[in-house]
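Generate the whole structure from the sequences, applying the supplied hints.
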Amino acid sequence: MKKEWPLWEVFIRSKSGLHHKHVGSLHAADAEMAIEHARDVYTRRNEGVSIWVVESKYITASDPADADPLFEPAKDKVYRHPTFYNLPDEVKHM
Amino acid sequence: MNTDAALQRYLLQLGDNALILGHRLAEWCGHAPEMEIDMALTNMALDLTGQARALYQRLAELEGKGRTEDDIAYLRDAREFYNCLLVEQPNGDFAHSMARQFFFDAYNYALHKNLTQSSDEWLAGFATKALKEITYHLRFSSEWVLRLGDGTETSREKMQKAVDDLWMWRHEPNILSEAEEVLAKTGVIPHPDAIKAESEQKVADILTKATLTIPTDDWAQKGGKTGLHTEYLGYILAEMQFLQRAYPGLEW
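Chains as they are written, first to last, in the working numbering: chain B, 1 to 94; chain D, 1001 to 1252.
Everything labelled a hint here was simulated from the structure, so no lab data went into it. Fair warning: this is a prediction, and the values are worked out from it, not measured in the lab. The beta carbon of each residue, even a glycine, is placed where N, CA and C say it ideally should be. The reader is advised that the hints may include incorrect statements.
[As the list claims (entries may be wrong)] Listed next, the stretches of chain D that the computed footprint assigns to chain B, with coverage defined by at least 3 CB atoms under 8 Å from CB atoms of chain B:
id, stretch
1, 1039-1050
2, 1140-1150
[To be verified] Pairwise CB distance ranges, derived in the manner of DEER restraints:
id, chain 1, residue 1, chain 2, residue 2, range
3, D, A1204, B, K21, 53 to 63 Å
4, B, K21, D, S1155, 33 to 43 Å
5, D, S1155, B, H19, 52 to 62 Å
6, D, R1076, B, V49, 34 to 44 Å
7, B, W52, D, S1155, 51 to 61 Å
8, D, C1029, B, T60, 43 to 53 Å
As structure tokens, then:
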């Protein structure tokens, strides 16, 4: 009987200064193996300088059925966007 | 053998080790126990093929006969290949492939670490670049020897069998060829004792940590470095070279 390895979520930082971004998931027996697999599966084309992995079961997700009460109220509040400020050119990655 | 001839032969030794082991790893493509491992093995195969390519290009440049790296890979017969016998051994099961990889990586890592100090500037540069790839290969294969050795009863049995079966092929990399004797004297390649001591230490450490029994029979099978191979190399070459032999000069 085959026992499946647990699922891990992979986050890659593409270059220094940027934040880690979710890129996908993979199977691995433990954290160390998950890092190696992430390196082999998700950074083959020079995508990253840093990897985070977290076992998928530790991620708590919002319920899609709750979408309306969670997200709908924010939709008509444009004044929450800081669109009236001028950003200096020197500020990157905003 | 003069220094020039020795260096050219040595480039073939290194290149053939990389090409043949790369081919063996590529045979796992689509067959590995997990998709992630499939990717890992083919990544390593590509690293090794890339190393072989660089070494053959350098050889072609030095000999100046107008050959290309492809001619060197595809148009030589088994007796003109100088890889050690270990790398041409069949894949077997995953434990077998990982034990083979580990034995080779332990040697290859120590070799390239020391080769970065070579008096030959090109070789030193090549080693510096290749060492990064080889460091990862060694990490990957060591980990699998540990995981399977210190794993379940079945996995331990398989890894122990792989270690026992491959043991006699393991020593050849550290037995000097005529070319290596010449190059070691002139500082082009590192002192062989240093490489041997370091790789032996690594093998002993990992096998012990993996709770495996270290075989005591140290009889060493050799021949690859003089062009005498096991029956397996012919089959590898038949598959690898078929297209260029049947359709000379064919390109993608």
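Range agreement (Cβ of K21(B) with Cβ of A1204(D), hint 53 to 63 Å):
42 Å, violated
Outcome of range test on Cβ distance (C1029(D), T60(B); 43 to 53 Å)
38 Å, violated
8 Å C-beta test of the stretch 1039-1050 of chain D against chain B, three or more residues
Coverage by chain B holds for the stretch 1039-1050 of chain D (3 residues, Cβ < 8 Å).
Assessment of proposed distance window 51 to 61 Å (beta carbons of W52(B), S1155(D))
29 Å, violated
Hint check for V49(B) and R1076(D) - Cβ pair distance inside 34 to 44 Å
Once the Cβ atoms are compared, 40 Å apart, the range 34 to 44 Å for V49(B) and R1076(D) holds.
Could you tell me whether the CB distance from K21(B) to S1155(D) stays inside 33 to 43 Å?
Given range 33 to 43 Å: holds, Cβ gap about 35 Å.
Measuring from beta carbon to beta carbon, are S1155(D) and H19(B) in 52 to 62 Å?
39 Å, violated
For the stretch 1140-1150 of chain D, count the residues whose Cβ lies under 8 Å from any Cβ of chain B; is that count three or more?
holds (count 3)
Checked against the numbered hints above, the structure breaks hints 3, 5, 7, 8 and satisfies the rest.
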